[in-house]
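K.L.:
Its first residue numbered 11, the first sequence is counted upward by one per residue in the numbering used here.
For the record, the hints were derived by calculation from the structure and aren't laboratory data. For each residue, glycine too, the CB sits at the ideal point set by N, CA and C. Possibly wrong hints are sitting among the right ones.
The calculated label-pair distances, taken between Cβ atoms and stated as ranges, are [to be verified]:
#, residue 1, residue 2, range
1, Ile147, Ala215, 30 to 36 angstroms
2, Trp137, Pro45, 19 to 25 angstroms
3, Ala381, Met287, 51 to 57 angstroms
4, Ala111, Asp244, 15 to 21 angstroms
5, Arg395, Ala334, 21 to 27 angstroms
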Amino acid sequence: MPAPSPEESLALLQKGAAALVSKEDLLAKLRLGRPLRVKLGVDPTSPDLHLGHSLALAKLRQFQDLGHTAVLIIGGFTSLIGDPSGRSSTRPPLTREQIEANAETYRAQAFRVLDPARVEVVNNADWLGRLTFEDVIRLNSRVTLQQMLAREDFRARVDAGQPVRLHELQYPVMQAWDSVMVRADVELGGSDQLFNCLVGRDLQAAEGQPPQVVLTLPILEGLDGVKKMSKSLDNYIGLSEAPGEMFGKAMSVSDDLMARWWPLLFHEEILPGAHPMEAKKTLGERLVARFHSPADAQAAREEWDRRFSRRDLESSDLPEISLADADTVGAVVAAFAAGFGVTKSRGDARRLIEGGSVQWRGEKVADPKAALHFAGGGVLRLDKRHAVRVKA
RNA sequence: GGGCAGAUACCCAAGUGGCCAACGGGGGCGGACUGUAAAUCCGCUGACUUACGUCUUCGAUGGUUCGAAUCCAUCUCUGCCCA
């Protein structure tokens, strides 16, 4: 493949971007003819990277494919504070152990998207943790309170009478310092990172470095179609989720949300005239193909059709467990535990049963006290998404 | 440092001595309908219990009372105004 011209690269890199500061700067940097250092910071605040992160990761991959270097910053230090972006309240701090563990899983997940050959993975605890108080004061002198209050989420919390802690104001400064330390040519991030990334430009300039180009990507809405996709809201599709889970979650989103996701995920318009359900299946398939493999995608779709369209639980791929005869409540609790590692209270189980969700061998069992006999085996349906095959 | 207001379940919020495991809304879960969509309708939404009921819960601790989310004291935290 012939190396694309700077102009061609620019056109490609602009696709799907929410903001680019600035186009001219990026073009100028592309014309330097050397690999650019493209920074993306992620805070290991949870064990999972999700589809929301994948937009920036995919853009980073695009840079890599054009010959540039990905600088993936694991926010070992920043996550001790937590970016207040998009949050209406203070984030609870994580322990160092949690962060370490999460950082480890992040690498693995990020490499589902990134090219391992052109990436530097660094941890900002390595430099932020060494700053002296004097250093910190010096950095802070570069930023004004007014600038901070220009950030909408801070402003909103102040206006709403909610606390904003001073340490939260440090977050943009730390992120900016990262840019200086890795000598970033470009920084990627979600739209809500725009402010932080721009502080990076200021700080780099103050340190005598050419300011980075900032390229932001749209924020992906979560499964609920209302809030930003995030682990803490439990409205996400994890990059390392099993194909079936991924496909199923994709199928559960509203048609409207799917239509909004489509261009963000695929950089193309949704097929006009396609039945929404078909389109959604295609979406699910493409996601599974992207993060697992085309074969997994096809299998996930077939399994889904079998299980949910044709409601053929009997031939579906279910966890196989052994269960002792028990009353229905006890059996449901045991099946959740053995089949899915999920702890259900007996109250929860009873509610499911009384709600008519539980079926044994295709027959609804609505009486929590009914005794179930598992000799001979069969399928025990627990709720929409959970069913187990009981061994004979 | 001073004054005022506030802290209720996942979120918002009602409740100012017993009828409170705590109104209502949101969210979530389940059912009907369906395309694991939307809309609509119904049920559930602290734990244990077949049930009667028992236990834990209304910022924390201690108290008053036969009885407290509700009253008193102290403490912790938050917002606003003043300095």
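K.L.:
Compare the structure with each hint and give your call.
P.N.:
Hints and how they fare:
no., hint, verdict
1, Ile147 with Ala215: 30 to 36 angstroms, "violated, 19 angstroms"
2, Trp137 with Pro45: 19 to 25 angstroms, "holds, 22 angstroms"
3, Ala381 with Met287: 51 to 57 angstroms, "violated, 40 angstroms"
4, Ala111 with Asp244: 15 to 21 angstroms, "holds, 19 angstroms"
5, Arg395 with Ala334: 21 to 27 angstroms, "holds, 24 angstroms"
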